[in-house]
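Colleague: Okay, here's what each chain looks like letter by letter:
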Amino acid sequence: MATTVSAPAPSAPAPGRRRRPSLARREARWAWLFLAPWIVGFLVFQAGPMIASAWLSLTEYDVINPPEYTGLDNYRELMADPQVARALGNTVYYTALHVPLVMVISLGLALLLKRVGRLQGFFRTVFYLPVMTPAVAVGILFLLLLNTQDGLINRGLALVGIDGPSWTTDPHWVMPGIVLMSLWSLGSTVIIYLAALQNVPRDLYEAASIDGAGGWARFRHVTLPMISGALFFTLIVNTIASLQMFTEVYTMYFGNRETQNRFNSDAATFYVIHLFQEAFQFLHMGYASAMAWLLFLIIMVITLVQVKLSNRFVYYEGEDK
Amino acid sequence: MSRKLRATALAGVLALAVSGCGGVGGGGKDSGGTAAKGTLSTMGFGLSDEIASTRVDAFKRDHPDVDLKITEGSFDEQQFLSAVASGNPPDLVYMDRKLIGTYATRGSIQPLTDCIEKQNIDMAQYRPAAKDQVTLDGTVYGIPEFSSVRVLYLNESLLKDAGLTAADVNLADWAGLPALNAKLAHVSGGRLDRIGIDPKIPEFLPMWARANGVDMISQDGRTARLDDPKVVEALTTGLKLVQDQGGFGRFKSFRDTFDFFGAQNPLVKKQIVAWPMEEWFLNQASKNSPKAELVVKPFVDRQGKPLTMSSGQAWVITKGAKNPDAACAFAKQMTATDTWLAAAKARADARKAAGQPFTGVWTGNVEADKKIFDELYQPTGNKRFDDAVATIRSVQDVAFAMPASPAGAEFDKAWYDAVNRVLAGQAQPAEALARAQQEATAALDKAAK
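Taken in sequence, the protein lines are chains L and B.
When you number the first sequence by the UniProt record's numbering, it's gap-free, plus one each residue, and the end is 321.
When you number the second sequence by the UniProt record's numbering, it's gap-free, plus one each residue, and the end is 449.
Please note that a few of the clues may not be correct.
[To be verified] If you want the ones that stay clear, here's a sample from chain L, every Cβ over 10 Å from chain B, calculated:
1. N65
2. M79
3. L101
4. L143
5. G156
6. L204
7. G212
8. F219
9. F282
10. I298
[Stated by the list, open to error] Now the stretches of chain L that chain B is said to cover, found in silico as 3 or more residues with beta-carbon under 8 Å:
11. 41-55
12. 164-173
[Stated by the list, open to error] Here's a subset of chain L near chain B, in silico, CB distances under 10 Å, partners left out:
13. N264
14. A279
15. Q281
These are computed hints drawn from the structure, not numbers from a lab.
Just so we're clear, the structure is a prediction, and the values are computed from it rather than from any experiment.
Beta carbons are placed, not taken as given, at the ideal position from N, Cα and C, and that holds for glycine.
Could you build the full structure based on these sequences and the hints that come with them?
Modeller: Written out as structure tokens, the structure reads:
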């Protein structure tokens, strides 16, 4: 006796019965599930505070009493505030000094590291270690290193007959001193460049050599274009970080109730430090929020300009130019 | 009378009995006020030494029904404001007295009028300068503790080397200070090896101004007087002393290498001859360099009268405190005479056990200071240090303090910035102080609105 089992004919789902989701849809659900922590984090810790600060920037708010709507008064006031202008000027000055220096020195170090051979791992660690140093420790360390009479830097300069400047008190030398300090943690940029350099195909150099290109020509026409993506990335990241400089300088000049009651310099007043003072020392949270939004706009404009320019200079593998 | 009414009346009587007759430790005879119970949270305070822990233990012993939660650490504005903004402030905050005006004006801390009345706190026991710093527009916002004062320290050994005595250092004679400074300082080849006179500016500018007969801010904390010619003269005098010692860059970098807390302090290393400083250095010096030839004199005004500036901390009760009664009881007990005496005894015992001299505790409480120094303090046998203690004790009574101001933080920033600009060579004293006057006045006006 034969038993015939026939597959049920496809039929329209019964009312109230759900269709089994397709694979793509199931995958999408899982993707959302895995993304959810980040999305929640972004909404709660980033988007939420940003929206709140946008609102607070239109109010007079001291954290203690309810915010009072004042329209664009905070923005008008900060446009006319000479302390804001000075802090912004200092910050831009620092960025203009710091970013190119970090990029050039890091690239030089990465090129040297690439040639080291077997000891590369060791030196890579050595260059990266300072990045792990807490920013507060860096600030204190450099206060000692930059000491006019007994600091290691001026002692070193004295060995070659140079009378070192007053790095921490002379307004003209405060910023160079801070830039010097900031070079302490260029290890991460070095590592990025080293990784990019190691990804440049060897055959490109060989082909260039066969074509008669010398060392400089190979660097200019092979290396630089091939690592331009990394250069662009570090340009953006270092620019943003420089415009938001805070911890090390705050530690050096404004660090605690003791030091802030002693000497600090106009030349060391960075934008974010001034913002912090307005928010938490003078309780002008609405004004500080407006300052934060102005900085956000400045960073966005600078980044957009950099992105726009990058279309002409940055080469990404796989793209046709 | 209905049963319900009788029950309500009974409950009311019981409540009154509990609240009105509870024995609250202000410690000893001056106790009184309401009983404390429930949870009490504090911020800005730590149990770092026997002075703190002994007093907290006394409170716990006398208030077993209070669950005390101490969040240890120094006062942090961000932490405090975050707690206030989130609607969950601590009951009690321990902060620098100079911050009180700002927070009181914003309404983040409570007036203590009821607290003082309910707990029967005797405000007369606190030093007048300390009281000034916690009082804004006649209302008390904090219970003060500690009174740190400034005196003039001299290294007599270095004075002898210069052919001088302590009597030759006369801070009343401003015109003579540069010449004295030149005799004492040691600058060679552009290098400063020894500071002659350190005016300690910016920090001590208010004291130099006061010595010249002017307060940098009015007693009500609402009017800046930074551009007063006498303030300008005070700053110019201090600046001259610094400039004559190689300029501020050299001066500061040399001073930054000093270790005031160790055995290699500038007294021992002969790095400085005359400098005004807080009284706590005597503690350190007696511990770390008992053989140093230290002389302590009062800072004086231009007429030669002793003068000093006082500072310290205070307990404040926050707006929204969940247990203000316990907070008030705590503040009272922490600053009460008997509590201080017990703490000072614990310090004296600890020092004795460590073989170190006890140079006293300056509590901000007049009666407590008197008992500590009359009953507990024993001369160390080292005449220099014993004389120093007597000097510090004598100037406590002539201390002044920067009064509470509704824009205290901005006011401080304005004049600190001015002095720093002058020291950095960016402006002349009159110009810098005129700008500071404008900045401070704008901030004070804004705060007054």
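Colleague: If a hint holds in the structure, say so; if it does not, say that too.
Modeller: Hint by hint, here is what the structure shows:
{"no.": "1", "hint": "N65", "in the structure": "violated, 6 Å"}
{"no.": "2", "hint": "M79", "in the structure": "holds, 16 Å"}
{"no.": "3", "hint": "L101", "in the structure": "holds, 24 Å"}
{"no.": "4", "hint": "L143", "in the structure": "violated, 7 Å"}
{"no.": "5", "hint": "G156", "in the structure": "holds, 15 Å"}
{"no.": "6", "hint": "L204", "in the structure": "holds, 52 Å"}
{"no.": "7", "hint": "G212", "in the structure": "holds, 55 Å"}
{"no.": "8", "hint": "F219", "in the structure": "holds, 42 Å"}
{"no.": "9", "hint": "F282", "in the structure": "violated, 5 Å"}
{"no.": "10", "hint": "I298", "in the structure": "holds, 24 Å"}
{"no.": "11", "hint": "41-55", "in the structure": "violated (count 0)"}
{"no.": "12", "hint": "164-173", "in the structure": "holds (count 6)"}
{"no.": "13", "hint": "N264", "in the structure": "holds, 6 Å"}
{"no.": "14", "hint": "A279", "in the structure": "holds, 8 Å"}
{"no.": "15", "hint": "Q281", "in the structure": "holds, 5 Å"}
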